[in-house]
Amino acid sequence: MDSENSLPDRGTPLPLPSNIDSHAIDDDQQSQDPAQLHNPADSEGLAQDSSDPPPQSMTDEGMDLFGHESCSLPSFAAEVQEDDPTLSDELTEADKVTLDSIAHQAMLSASLSDGLALPWESGIMASIFGDAPLVQETALPKVSQALDPSELGQQSRRGQVEGPSKRQRTDVGGNRLYERAISFKNTLTDPEMDQAKWSRALEKLYTVMVSGPESCPSSIAFSSEDVERNLRQIRLLCGARSPNTVAKRANSLLQFCLWHRGYFYRKHPIPFVQGDIADYVWEKHQDGMSYTGLTSFVEAVQFGTHVLGLPVADPESPTISAFVKGLLDKMALSRPKRKQARPLTVPEVTFLESMVKDQTVDPIDRYAAGAFLFAVFGRCRWSDLRYVSHFFLDVNNIEGKTIGYLEFATFSHKTAAQVARHGMPLPLVAPIWGLTNPCWALEWCKLAKEVELNFDNSFKGPILPAPDTSGRWNKRSVSASEATKWLLELLKHGDFNLDEVTSHSLKCTTLSWLAKAGTEPHHRLVLGHHSTQKGSLETYSRDMLAAPLRALEDVLRRIRVGVLHPDMTRSGHIQEPNKPDCAENTEDNEGANSSSSSDNSSSSSSSSGSDSENEAAENLIAVGLSSEEVQAILDNNVVSIAQMAFAIAPPGTSPTEQQVRDFYQDRTAVNMGTITSTKLLVFESHTLVVANIKSEVGRKDDVSSHCVLPTAERDRRVLDQQRQQELISVMRDILTRGFLPRAEGERLRGRLQFASNQLFGRRFRNCLKDLNTHISRSFRALSKELSESLELMVEMITENAPRQVDVNFLDWTHVYVDASFDPDGYSGIGGLILNSFGQCLGCFSEEVPQSLVDKLKKEDQKTVIFELEGLAIAAALYTFKDFVRGRRVVIFTDNQSAQEELGLVSWIERVPSQSNPADELSRAKIYRYAGIDAKQVDLLRCWAECTKEMNVSLSQVRGGETRDRT
1 MDSENSLPDR
11 GTPLPLPSNI
21 DSHAIDDDQQ
31 SQDPAQLHNP
41 ADSEGLAQDS
51 SDPPPQSMTD
61 EGMDLFGHES
71 CSLPSFAAEV
81 QEDDPTLSDE
91 LTEADKVTLD
101 SIAHQAMLSA
111 SLSDGLALPW
121 ESGIMASIFG
131 DAPLVQETAL
141 PKVSQALDPS
151 ELGQQSRRGQ
161 VEGPSKRQRT
171 DVGGNRLYER
181 AISFKNTLTD
191 PEMDQAKWSR
201 ALEKLYTVMV
211 SGPESCPSSI
221 AFSSEDVERN
231 LRQIRLLCGA
241 RSPNTVAKRA
251 NSLLQFCLWH
261 RGYFYRKHPI
271 PFVQGDIADY
281 VWEKHQDGMS
291 YTGLTSFVEA
301 VQFGTHVLGL
311 PVADPESPTI
321 SAFVKGLLDK
331 MALSRPKRKQ
341 ARPLTVPEVT
351 FLESMVKDQT
361 VDPIDRYAAG
371 AFLFAVFGRC
381 RWSDLRYVSH
391 FFLDVNNIEG
401 KTIGYLEFAT
411 FSHKTAAQVA
421 RHGMPLPLVA
431 PIWGLTNPCW
441 ALEWCKLAKE
451 VELNFDNSFK
461 GPILPAPDTS
471 GRWNKRSVSA
481 SEATKWLLEL
491 LKHGDFNLDE
501 VTSHSLKCTT
511 LSWLAKAGTE
521 PHHRLVLGHH
531 STQKGSLETY
541 SRDMLAAPLR
551 ALEDVLRRIR
561 VGVLHPDMTR
571 SGHIQEPNKP
581 DCAENTEDNE
591 GANSSSSSDN
601 SSSSSSSSGS
611 DSENEAAENL
621 IAVGLSSEEV
631 QAILDNNVVS
641 IAQMAFAIAP
651 PGTSPTEQQV
661 RDFYQDRTAV
671 NMGTITSTKL
681 LVFESHTLVV
691 ANIKSEVGRK
701 DDVSSHCVLP
711 TAERDRRVLD
721 QQRQQELISV
731 MRDILTRGFL
741 PRAEGERLRG
751 RLQFASNQLF
761 GRRFRNCLKD
771 LNTHISRSFR
781 ALSKELSESL
791 ELMVEMITEN
801 APRQVDVNFL
811 DWTHVYVDAS
821 FDPDGYSGIG
831 GLILNSFGQC
841 LGCFSEEVPQ
851 SLVDKLKKED
861 QKTVIFELEG
871 LAIAAALYTF
881 KDFVRGRRVV
891 IFTDNQSAQE
901 ELGLVSWIER
911 VPSQSNPADE
921 LSRAKIYRYA
931 GIDAKQVDLL
941 RCWAECTKEM
951 NVSLSQVRGG
961 ETRDRT
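371 is the number that UniProt numbering gives to position 371 of the sequence shown; each next residue is one higher, with no gaps.
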């Protein structure tokens, strides 16, 4: 048998990078010829006893990087065939599976110490070729704490001068604190360090992609002659992701491939197999890998399949099995508490501000304190400050008070990949005022010139470069770990408890203050540079930070005056103000304010009346009232919103038409437009007054807060009022001219459908049915039904009354009615009312006079039973009005037409005649029923009330689900 034909599939012949880390795999042993691993002389000596099994070194051949054998067993197979000629030349599939299983179990159970000792591993040859030292070195005791060599050298030199006495420090003057934080050995620039990270990560990914013949993504083609080109292709697959992220994913994938090499036999790790991934997760879980490590591997698999395009054995099934997901969910329940950096306290922030202004501190340390403050008030991650540009100092002086912002822009931030397609930088804006006076930002800008970092329009680079030993700036930025050490060194001199303080504490400090102050979540998202999922809104706003920055300044002001105490527990966050705002120049403003107040006090009393009337007149005209109507309102001594809210009807009630007419008292002509505009003005006045009272009741006695309606809320109310007025005007114009073209009707229907969503009940939607009929049939002239519907919708839009909800679910009243008609005999109606306990509260039984029958019956009509059934319902409501008022009413009738035609607030249900207790009352005149005397009903009068023309006002009917009909 040809030995080459028995070789298994090998890995891809593509070369590996020359400097790739083999992860504890000896490259020399990988490249060595497997035939040289055995000495022929030793092999002959070992084969003396034919009954002994062949040694492992002869049955297990050399393995490649990922566990694939490089040689077969031709000699052993030939001996077996000679001993047993019945065996065929080739193994069957079942035999191959059995052989693979045996070899797999043998490899797993074998010990690393088993095997033969080769000649060069013993005796004098081991001393020559081995790694053990010829002379045993003296064991040195381990120190309890490792020391930095650079720091050790400085301490040794300091010890020669100062002696071994304990150092006592009372201030930080004359000490260069950055020397304890900066690693001076690192001389690479930021681009060079990023390139080194990328090179290392790409080499690991390349090793993963050449681990098998089918491991390479289908979207790229590797070349065996140009490794650098292969790495560039992988770099393009990674896109705009961070090199740290790619390196993390590459490490997880490479660990999986190395584990796969020792766990499986003659099998490649990629394409990914669901079972292999589940075995890896289970084995690592058994070995004690943390939840974070396992989830990192799962994320790496998703990264490899969806980003890099690594092949999957079965694309139809998920790569991560339900077993893996369940295991991770179970581990998540017992995972340790997340370690988060704590926010800086108010004293710590004020200490940093004092260091910026302290002339005794080293200038570089002072500048670093300012950079940390910019990260605090700018809500920046430390990586956001690696490379900034577009410096802008926006400072203004208004009435003796200096206000402004300090701004940079950066394209190098954590979410750069999400906004890269828009081409918009991330603005890093911080208010110039912190917690103390003078403001830290202006002092920091002056200090930047002193340390030769001039902030101007051409400034580009890191906000805090790393200094060297001589105090000059390097080209690289300070890393996050160095920033943490430097920050701790600065705060150590304030005697603070610095547990859990890192560079990320700078970002979370003000965001935590905003949350404790109750700032809007949207403002906190924008200030934290997080995604708001509103791309178009951010693009066209041009300045999304304007309102959130004002909210941040308000929180800082509340801390300065002592209202907000973010370092205390929830019970002590909000307190009374106990000090003035240091950001305001009170000394300069006191004189001006006192003089202006004294000058204005004499004239304010005389002009207050005329000013208020003029302002009220302007506002009323803006609402839509005419000058005559405005003058009539002013004649009633109504010059404010509060007075208007109580002038006609108190809040909570809607003014009727008669109340509006009584208010004007013939001072001006009152038409429907005047009534509509006045009702709308009263409604808005009620809303504003109630909102003001509610804010007064809910607010605490904070002298710094102002009881004013928010601008956004006021603008929204004004806009809603304008829309209501415009829609009402359009509908009244249609009613006046008496026709509605189809195109205009479709536009009106769209606006009314939107308005129907703002109103309670279905009455408005039922009114739209007449408009839909008008449009679908291409009518032009308004029908009577459509005119009535439009008038009702105008009234509903004007009223915009809330839906009344009755919480009394137990007090039900049931009314049963019936009617009988016989052209040659007795015709009558009857009804009774029952309470929720089934007790009869009242009844009536009346004969229908022939005169009424003649009015109801037309010439070609044979029966009037339908009209009598409706008349019975009307008579019941009229007769039992004292019992049904304020209660839930269910009316039962045995006529479905009456149920459909009557548009009433009450619930009408059909009941069969044999089940209707009122059937007996309608077939004969009965004077007493169930122990209750029957009430007398004037049917002629009742019918006249039902048929007369009337307009039902919206204020007279509440909560109806169907449109009222006349």
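Hints listed in this document are in silico derivations from the structure and should not be mistaken for laboratory results. Accuracy of the hints is not assured; some may be wrong.
[To be verified] Cross-link-like lysine to any residue pairs, in silico, SDA-like; alpha carbons within 25 Å at most: (1) Lys446 / Phe496; (2) Lys858 / Tyr826; (3) Lys449 / Phe303; (4) Lys357 / Met424; (5) Lys784 / Glu628.
[To be verified] Between beta-carbon pairs, the in silico distance windows are: (6) Cys840 / Ser626: 52 to 62 Å; (7) Gly239 / Arg335: 42 to 52 Å; (8) Gln359 / Pro577: 43 to 53 Å.
Computed from a predicted structure; not experimentally measured. Cβ coordinates follow ideal geometry from the N, Cα and C atoms, glycine included.
Status of each hint after checking the structure:
no.: 1; hint: Lys446 / Phe496; result: violated (28 Å)
no.: 2; hint: Lys858 / Tyr826; result: holds (19 Å)
no.: 3; hint: Lys449 / Phe303; result: violated (46 Å)
no.: 4; hint: Lys357 / Met424; result: violated (35 Å)
no.: 5; hint: Lys784 / Glu628; result: violated (34 Å)
no.: 6; hint: Cys840 / Ser626: 52 to 62 Å; result: holds (58 Å)
no.: 7; hint: Gly239 / Arg335: 42 to 52 Å; result: violated (30 Å)
no.: 8; hint: Gln359 / Pro577: 43 to 53 Å; result: violated (32 Å)
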